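Engineer: Work the whole structure out from these sequences, hints included.
Here are the chains, one letter per residue:
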Amino acid sequence: MALLALRDVTKRYPGVTALDAVDLEVEAGTVHALVGENGAGKSTLLKILAGAERADAGTIALDGTVLRLTSPRDGLRCGITVIYQEFALVPSLGADANIFLGMEPMRRGLLDGEAARRDAARALGELGAAFDPSTPVSRLSTAECQLVELARALVRDARVIALDEPTAALSTRETAHLFVQMRRMAERGLAVIFVSHRLEEVRAVSSTVTVLRDGRRVWTGPTAQVDEPALIRHMVGRDVEYERLAAQGGRGAGAGGTSDVVALEVRGLARRPRFADVSFTIRRGEIVGLAGLVGAGRTELARCLAGADRWDAGEVLLGGRPFRPRTPGDAIARGLAYVPEDRKTQGLILGLLVRENATLPSLRRFTRFGTLRLRAERDAAAAQIAAVELAPGTLERPAGTLSGGNQQKVVLAKWLLADADVLVVDEPTRGVDVGAKIEIHRQLRALADRGKAVLVISSELPEVLALADRILVMRAGRLSATFAAAEATPELVLAAALPEGHAA
Amino acid sequence: MSAPAAAAPPVRRGPPPLAKFGVPLALAAMLVAGTVLIPEFASPANLTTILLHASINAIIALGMTFVIVTAGIDLSVGSIVALAGVLAARTLTSAAVLGAVGPVGAALLAIAVGLGVGAALGLLNGGAVAYLRVAPFIVTLATMTIARGTARLVTGGVPVGYPDPGDAGYAAKVAALDVLHGLGGGRLPVPGLPSGFPVPALVMLLVIAVGAFVLTRTRFGRYVYAVGGNEEASRLSGVPVPFVKLAVYAIAGACSGLAAVLLVGQLRSGGPDAGTFYELNAIAAAVIGGTSLLGGTGTAWGTLIGALLLGVLNNALDLLGVQAFWQEIAKGGIILLAVLFDVWVTRTSAAAATKS
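Top line first, the protein sequences correspond to chains A and B. Sequential numbering from -12 applies to the first sequence in our numbering. Sequential numbering from 138 applies to the second sequence in our numbering.
Hints were generated in silico from the structure; no laboratory data involved. From a predicted model like this one, the values you see are computed outputs, not experimental measurements. There may be inaccurate statements among the hints.
[Claimed, not checked] Derived, one-sided and incomplete: chain B residues facing chain A with beta-carbon distance under 7 Å:
#, residue
1, 331
2, 332
3, 370
4, 375
Beta carbons: idealized from backbone N, C-alpha and C, even for Gly.
Structural biologist: Now the structure itself:
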C-alpha cells in the first residue's frame, strides 16, 4: 500500500478549477516526480498536501489513515513537509532556531538553545552541510537554505517531503548534492515528491512520474518507461479550446492584417540578472505572444517597458522615438500601457468603484483646473464598461465585489480607456472562466485591428497559440525562439521554454 | 498555480446603510440625551461653545484624514501647533514687525507664519515619507519631538504673548493680539443668537467644506483614495504616488498651522506646551468619523461628525460634573466602540460582497 494516497482531490477557485478529482499514490522509499505546465495544478496540490489550502473534495491518507488538514501545523504534525520555492524561513534567526521553529526544545519552561544547536548540527551534518548551525539564515545561500528546510523535515521525523522546483536556483554541483540527499531520504523510507520543469532532472532522480494538465492527472508511470518527448506530449496534449482569432485588417493595418509600421522596438534590453539581450519589434495591428515558464523574465521585461523598473542596458523605441520611462505615469503619457499580472494587488484598487478604477490612468482627460468633470467621467466609463460587456449596474460598485472574470474586464476597460498605442498585457486571463477568456481574447484582437500593438504574456500555451500573430519564447532571461503563428505548435513552444538541453 | 489570492482584501465604500448613518445617529442620540438629561445643554450659548471647542480639533483632524486615507499617520500635528503657535505669537508681538506694519499687518503676517511653518514641517514629513520611504510613524514621531523641542528652545519654555503693562510698545502688542483674537475667539453677531456665532467654528466649516470638495471632486482627491487603496496599482496606473504623499502631509501641516493661529488668537498667547495630545484627538475624530487606518476610506464630513461627537461628549460630561479622569475613560470607550463598529461594518460588507 502506498504511504501517501490522494483520492479525488478537487480544488476550485472563483472561475477556475485548479484540481479536478486528482488521484496520487506515493510509495515509501521512492522519489516521485510531479510535472506539468504552468497552471497545471502542481502548486495547488502541494498547498493542499501541506494543509495551507483546503480541498473542496477528496481525501488525503497517510498509511491508510485519512488526514484532516486544516492548517500547515496539522500537515507538519502528521509528518508532511512541503518545501516551497519561497522558503518558509525567518531570515534574522539562526539555522538552528529556524529548524526548531514552532517545536522548540524546552527545559524547565525555558528554551533549550543548547539542545537545539546540538540537534540542528546533527541533522545538518547528516545532510552534508558545512556551516555553523547558529548562522543567521539571511547569510546562507539558496542551497544552504534548502538544507535548513530539509533538516527541519528530518528533526520533525517527516514521512513525506515535497519539494517545489528545488533546483531552480541551484548550480549543477548543488543540484547533484541535493539529489544525493533526496535519494538518501528515500532510502530511509520517506516518500519524496519532486516538482520540476527540468525533465532531465526528473529522469535522473525520480522512479515514478505523474503528469498534471489543467488540474487533472493525465499520466502516471515508471520514469524508465517514458522519454522526454513523450512527457512533453503528455504535458501539452490537450484539445485546443480556443478558436483562432485571426487578424481582420482594419484601420492602420496593411493587407496582411498587420501594418508595416513598427510601434515598439526593443534592442538588446537587459536588467541583470533577470533578463538580458532581449530584442524584438511589434508592428501596429499585431499581437505578439510572449511565452515561457514562470520566472523566465517575462514580467520583469514588461515592468521595465512600463516604467515600473529600470533596465540597465539596451534601448527602446516607441513609435520610432527613444523611450525610457522613469515612472509608469511617463509610459502611459507616451502611449504605452502595462496591464499587470495580478489584478488584485496590482491591477485594481478593490475599494474604489468600478468607474473610479476604469478612469484612473486617464483621469487627466476628465479634469478641468484640477476639478473632476464627473459627468464626462461617468459617460466615458459607462461606454467602456459596455464595450467589454459588463453590466451597466456594475459601474458604481466597488471593484472588489465583482467576480474574477469581471474584474479582469474592468482592468481591460481601464486600459482601453487610456487609449495607449502599445499595450503590454501580462497574463490577461489568469483565473477567469472560459467564457470571460474568449471575450477578453476578442477584445485584444479588436484592439489590434484598430491599429494598436499588443504584447501578450501568457503561460497558457493554447492562449498564446490562439491569439498571437507571432510568438516569442523566453527561457532563463533570454529570447530562445521566435515563431510565426502558422509554424508554432505546443510542442515546439514548450521545448523552447523548458530549460536548455531538454528539448524534445 | 493560477490560484487567486485566498482572501480578497475587505471591500470598502459599499457599506450597509447603518455604516453610513451609524456615527451621525450616535451624535444625534447624544444630542437628544444631553438635551433631556442636562437643562442648560441645548441652549444656543452652550451649543456654540461646543462648536468653538470642537473647531481646532476638527481642522487638525481634516488634515489627518488626508494622511490616514493614504494609509499614513501624522503624530507631529500637536507639536506643529506648538511651534507654529509660538512663532506666530512672536511675529505678532515683535516690536519691529509692529513698528513696520502695525497691528493688522502683524496679525496677517502672523497668520502667514503659522500656516507657513505648519506647511513647511508637513513638507519635511511628506518628503521623508514619499522620497526617502521612511515609515510615516517614525518620521512624524521624530518631527513631533523636534518641533516640540524647538518650540521650548525658542521660548525658553514660557508662553509668548501677553505683554506686561510696563513693556515698551504695550499698547501696540495688545492691539495686535486683539486683532488676532477676532479670528480665534471672536463671535459674529447672528440674529437670534445672543452670544453670536464663533469665528473659529466658521473657519472649521469652511475648511471641512474645502476638504470635502478636494477629496471628492478633484483629481488629487481621487489620487488620495487610490494611493491609500492600493499603492502599487496606483503607481502602475500612472498616479504620481510620491507627490500625493508629499501633498497630504503638507496639508496636514498647514491645517495644524491654521489651528495654531486660531489657538494663539483665542488664548492671546502661544505656548510651547500647547497642542499636547492633539494628534491623538485628531486621529480619534477621523477614526470615529469612519476613516480606516488601513487607508482608502474616509470623508471630510465624517471627520467633522467625529470631532463634534467628541466635543459633545466632553461638554456633556463637563456639565454633568463628571470627573476629568472619568471623561478620559469615557472618550477611550467611544473610540473603541467606533473601531469595533468599523470592524463589524467591514465584515458585513465583505460578506455581502461575496454573496452578490
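Engineer: With reference to the structure, classify each hint as holding or not holding.
Structural biologist: To see whether the hints hold, each was checked on the structure:
1. At a threshold of 7 Å, the smallest CB-CB gap from residue 331 (chain B) to chain A is about 40 Å, leaving the interface hint violated.
2. This hint is violated: residue 332 (chain B) has a C-beta 38 Å from the nearest C-beta of chain A, more than the 7 Å allowed.
3. For residue 370 (chain B), the interface hint holds, the least distance from its beta-carbon to any beta-carbon of chain A being 5 Å, beneath 7 Å.
4. Given hint, residue 375 (chain B) at the interface with chain A, holds; its Cβ is 4 Å from that chain's nearest Cβ, closer than 7 Å.
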